[in-house]
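Asker: Below are the chains, spelled out letter by letter.
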Amino acid sequence: MRAQFVLSEIGVGLRRNLTMTFAVIVSVALSLALFGGSLLMSDQVNTMKGYWYDKVNVSIFLCNKSDAESDPNCAKGAVTEEQKDQILTDLKKMSVVDTVTYESQDQAYKHYKEQFGDSPLASSLTPDQMQESYRIKLKDPEKYQVIATAFNGRDGVQSVQDQKGILDNLFELLNGMNWAARAVMALMLVVALMLIVNTVRVSAFSRRRETGIMRLVGASGFYIQAPFIMEAAVAGLIGGTVACGFLVIARYFIIDHGLALSEKLNLINFIGWDAVLTKLPLILATSLLMPALAAFFALRKYLKV
Amino acid sequence: MIRFDNVSKVYPKQTRPALRDVSLEVEKGEFVFLVGSSGSGKSTFLRLILREERASHGQVHVLGKDLARLSNWKVPHMRRQLGTVFQDFRLLPNKTVGENVAFAQEVIGKSRGEIRKSVPQVLELVGLGGKEDRMPGELSGGEQQRVAIARAFVNRPKLLIADEPTGNLDPQTSVGIMKLLDRINRTGTTVVMATHDQNIVDQMRKRVIELEKGRLVRDQARGVYGYQH
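Protein chains in written order, with this note's numbering: chain S, 6 to 310; chain F, 40 to 268.
Keep in mind the hints are simulated off the structure, nothing from the lab.
Please note that a few of the clues may not be correct.
Stated by the list, open to error - Here's a subset of chain F near chain S, in silico, CB distances under 8 angstroms, partners left out:
(1) R93
(2) H116
(3) T123
(4) A143
(5) V146
What the hints assert, rightly or not - Think about it this way: if two alpha-carbon atoms lie no more than 30 angstroms apart in a straight line, the pair counts; the simulated BS3-like pairs of lysine-lysine are:
(6) F:K197 <-> F:K134
(7) F:K149 <-> F:K134
(8) S:K306 <-> F:K113
(9) S:K54 <-> S:K148
(10) S:K306 <-> F:K134
(11) F:K218 <-> F:K52
(12) S:K115 <-> S:K144
(13) S:K81 <-> S:K115
(14) S:K144 <-> S:K97
(15) S:K118 <-> S:K98
(16) F:K104 <-> S:K306
(17) S:K306 <-> F:K52
Unchecked claim - Okay, the calculated beta carbon distance ranges per label pair:
(18) F:P159 <-> S:L287: 46 to 54 angstroms
(19) S:T283 <-> F:P51: 50 to 58 angstroms
(20) F:L102 <-> S:A191: 23 to 31 angstroms
(21) F:S95 <-> S:F27: 41 to 49 angstroms
(22) S:L12 <-> F:Q98: 41 to 49 angstroms
(23) F:K113 <-> S:L12: 23 to 31 angstroms
For every residue, glycine included, the Cβ atom is placed at its ideal position computed from N, Cα and C.
All chains should be built: construct the whole structure from the sequences, respecting the hints.
Answerer: Dropping the structure here:
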């Protein structure tokens, strides 16, 4: 009885305020789509960073057997144990070096698998195609050149890479986009909240007769407020569902089809469907709770109980 | 049932109090008329009983509870034991007569079966048997007030507050409403009724409480209206 009564009140309220309800749905959908987009963008950056990105500054890649045949830097053959020992001793003597970690072929293979999963490229690889490497953390990350001049061209060294140099510009771009998305999201969120507060106010005003009578006959505060809160929550949930739709469609058209970035940029590891799907419950919950809370606080002001 | 101890009420931003030092007691089962000119404090008196306002000084006891100490969330429970009737009926225009009465039971969570049983019963009591499916707009003023009384009475309150219930009705219809309120009073429900209707007060010969400029100036058993314009 009570549930049915409350549900019919919600339907009446939402229809009475159709334009406002629509505005709430659109603003909630946009703000939460941006929220989800921003989360996914962070995920994308993390996916691209790989195992060593945040841990070290410079990597010295050592020649393996296949490099010995193809790479001019490794013309003298794969790295030997003495060469490795010599590099390590030299590294440890350098004052700019903070820590040195050795990565074997097996470890490199494992980390690669973790990052790229079962992409076609990863599944064709074997551990002995991977390179051994020294991963170096510097006391001052700017001193990359010191390591590069010292070890580039040395026997057994295939290349010295500044870990940040390769991806930093891209990450900066993504980061900037992320902040822009967050700023727009914050703005849309404020708009959404103000719309909800206003909708609730209009709704409470247009039903002041009913609520007045409810008060007279002794309805509890919660019972009087529930229809308004539920109205906001339902409108928000519809907006949240639309936002989820946006995210799914966006991933589909940007990564898999349409723009099809995954085919055009096949060296980049893109976020999977699981990354998108795990965000959806969070977005739906936010879309339900945020408007409900906004309505609750708005009612404290506009609906005397 | 109702006890006022030295009650005063000053509304914010007003210097003249709406009620000044009012003390009185209404016993269970009484029928009390509240008379006085406009602005004499009748409405404030009723609003204090309904706990729509709090007293500035003194204590208001209703149904044995000190309303100053009643926390906000308990107020609805207190109001469920009161019935209220107003001059302007306060019916929901888009609900039928039956739904309007049922509304008072729905909001306090009565079961559908209970509602189905008690609504026709109370409508019969107020003389509107069989009019459950009519809309309030189709009824006369007297009939609308009967619906309001049915709604106030359906939860069998111990106390019925009526604020000029005959104010919008012609004398003949008013008599019918008064007979109904008298009948409700005879079931043991205490009735407090504010009114301007001299004939009604003079005919009924009930207790009369008169307010003037917020002061209690007369409290008379079996009184008459007595107020001269």
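Asker: Give a verdict on every hint.
Answerer: Against the structure, the hints:
no.	hint	result
1	R93	13 angstroms, violated
2	H116	7 angstroms, holds
3	T123	5 angstroms, holds
4	A143	4 angstroms, holds
5	V146	4 angstroms, holds
6	F:K197 <-> F:K134	26 angstroms, holds
7	F:K149 <-> F:K134	18 angstroms, holds
8	S:K306 <-> F:K113	20 angstroms, holds
9	S:K54 <-> S:K148	21 angstroms, holds
10	S:K306 <-> F:K134	28 angstroms, holds
11	F:K218 <-> F:K52	41 angstroms, violated
12	S:K115 <-> S:K144	27 angstroms, holds
13	S:K81 <-> S:K115	27 angstroms, holds
14	S:K144 <-> S:K97	13 angstroms, holds
15	S:K118 <-> S:K98	33 angstroms, violated
16	F:K104 <-> S:K306	28 angstroms, holds
17	S:K306 <-> F:K52	20 angstroms, holds
18	F:P159 <-> S:L287: 46 to 54 angstroms	51 angstroms, holds
19	S:T283 <-> F:P51: 50 to 58 angstroms	53 angstroms, holds
20	F:L102 <-> S:A191: 23 to 31 angstroms	51 angstroms, violated
21	F:S95 <-> S:F27: 41 to 49 angstroms	47 angstroms, holds
22	S:L12 <-> F:Q98: 41 to 49 angstroms	43 angstroms, holds
23	F:K113 <-> S:L12: 23 to 31 angstroms	28 angstroms, holds
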